[in-house]
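Peer 1: Below are the chains, spelled out letter by letter.
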Amino acid sequence: MRGQQWSSRSLGSKFKHQIFYSLIRWLGAWAAYPLLYVVVFYYSLLPSVRRRSQPYLSRRFPGSGRFSRWRQAFRLNLCFGLVLLERAIMGITGRMDFSVDDQSEERIRQLLAEGRGLVVLSAHVGAWQTGLGRLDTFGTPINIVQRRQSADVDRHYFEHRKGVKAPNIIEAAEPVVSLAAMTSALVRREVLCMMGDRVWPGENLTFKVSFMGGPILISAMPFYLANKVGTPIVVVFTRRTGRSQGVGEIWTIIRPRSDSRNTDDLAPYAKIFADHLERYVAAEPFEFFNFYDLWNIGDGHVD
Amino acid sequence: MSIKDDLKKWVINDLHLEDVTPEGIVDDEPLFGDGGLGLDSLDAVELVVLIQKRFGVVIKDMEEAKEAFVSVNSLSEFILGRQAGTA
Chain A
1 MRGQQWSSRS LGSKFKHQIF YSLIRWLGAW AAYPLLYVVV FYYSLLPSVR RRSQPYLSRR
61 FPGSGRFSRW RQAFRLNLCF GLVLLERAIM GITGRMDFSV DDQSEERIRQ LLAEGRGLVV
121 LSAHVGAWQT GLGRLDTFGT PINIVQRRQS ADVDRHYFEH RKGVKAPNII EAAEPVVSLA
181 AMTSALVRRE VLCMMGDRVW PGENLTFKVS FMGGPILISA MPFYLANKVG TPIVVVFTRR
241 TGRSQGVGEI WTIIRPRSDS RNTDDLAPYA KIFADHLERY VAAEPFEFFN FYDLWNIGDG
301 HVD
Chain B
1001 MSIKDDLKKW VINDLHLEDV TPEGIVDDEP LFGDGGLGLD SLDAVELVVL IQKRFGVVIK
1061 DMEEAKEAFV SVNSLSEFIL GRQAGTA
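Taken in sequence, the protein lines are chains A and B. Mapping of the first sequence onto the working numbering: position 1 corresponds to residue 1, and the numbering continues sequentially without gaps. So the mapping is simple: the working numbering equals the position in the second sequence, first residue as 1, plus 1000.
One should not assume that every hint holds.
[Stated by the list, open to error] Coverage of chain B stretches by chain A, computed from C-beta distances (three or more under 8 Å per stretch; other residues unrestricted):
1. 1004–1011
2. 1043–1052
[Unchecked claim] Sample of chain A residues facing chain B (criterion: CB under 7 Å; computed from the structure):
3. 44
4. 47
5. 179
6. 184
7. 187
8. 188
For the record, the hints were derived by calculation from the structure and aren't laboratory data. Backbone N, C-alpha and C fix where the C-beta goes; we use that ideal spot for every residue, glycine too.
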C-alpha cells in the first residue's frame, strides 16, 4: 500500500482558521494559545491525523509503545500548531522575535557580497516561514518558491495586513515558467528561498538519498540552478525558542560544481543537505513538519 | 544578421541541441513541449542564462517569462523591447 502523499491542503477549514485570527485580533495573542491546545488535543485523538506523522515518528522513535507514540504525535502536532499560530500572530500584530546569530548574519552578508545571488535552502522545520521572511533585513529582494494548492487556506504572515512587505512568491505549478522565474531571480543577484525537503507533485528531477535509515527523494532543482548560475547555497534551518521567538542558523554552505549536463553529478550535494537535515531532526525531533510518508518514493527518481 | 538568427544560433549552441539547424527552427512554433523545438523545463534555466549572457536582458517575473518563452518570435520581441527600454 502506498503511504500518504504530500498535499498542502489545510487540516482545518477556513472558518476554523478565522476563529484563531479573530481571537488574536480582538482579544490578543494570549487568547489563542489555550484554544490551540484544545484543538491539537482533539486532532491528536483522530487516527487519521496521527497516521500522517507515523512514517516520521516510527523512524525517529523506533520501538515506542502506543501511549508514547500518541504523546509524540501530540507534541509534534502542538509544535506545528504553535508555529502556525505564531505566524498568524506575526502577521496580525507584527510581533515575532526572530533572530539570526551574528556569525550567520555576517556570513550571509559575505555571500550576498559575492554578487551571484543566493539560494537559501531550508526545510519545513521550526518557524521556517517567518524566519525566511526576516531575510529582508539584508536589503536584497527575497523570492520564495512555494506550491500552494487551492485547499490550503492558511494565510502567510504577510497576507493578514495591508502594507506588510511581502516576499516575491514564485508558484511552482508551471515548471517552465517557474524555473525561468527562479533562474531570473538568481541572475538578478537576489535571494531565492527553496525547501529542500519537498518534492512537488509531478516533479521528476530528483535524487534518491538516504535519510533516517531509508531513501527519500530530494529535489535536484536547488543544486541544478545554483550550478548553472554559479550561486552559493546556504543551508539555513530555523527553530522555535519560545513564545513568538525563533532563531535561524546556517548549517552549511554548498557550492555545486559540475561542468557536465548530467545532473547525477550533483547528487552528492543533495546528500550533504539530507545529512544536515538528519542532524537537525536528531536535535529537534518535534520541529520537523512533514506530515506525509517521505519514504514512499515510488518510481521516477534519478538514481 | 537579425536577432532571430542570433537567437537561434545561440539556442542551438548553448543548449547543446543536436541535429537542429537555425533554418530548421520555425519562428512561430512553440519552444517548449510537443510540436515545436521540444525544449523542457531545464532548458528554461539555460535560456534565462543565455539571454542574460548574450543579450544583456533579464526577465523580471513569471508573467514576463510566460509571454517571452513561447516562440522565437515572442522571445526576440521581448529582447528587442527590453533593449529599447519598452518591455
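Peer 1: For each hint, tell me whether it holds in the structure or not.
Peer 2: Right, here's what the structure says about each hint:
1. 1004–1011: violated (count 0)
2. 1043–1052: That given contact holds, which follows from 7 residues of the stretch 1043–1052 of chain B lying within Cβ reach (below 8 Å) of chain A.
3. 44: violated, 39 Å
4. 47: violated, 39 Å
5. 179: OK, holds: residue 179 of chain A within 7 Å of chain B, min 5 Å.
6. 184: Result: holds, 4 Å to nearest chain B Cβ.
7. 187: holds, 5 Å
8. 188: Check passed: Cβ of residue 188 of chain A comes within 6 Å of chain B, closer than 7 Å.
Violated hints, listed in ascending order, are 1, 3 and 4; each of the other numbered hints is respected by the structure.
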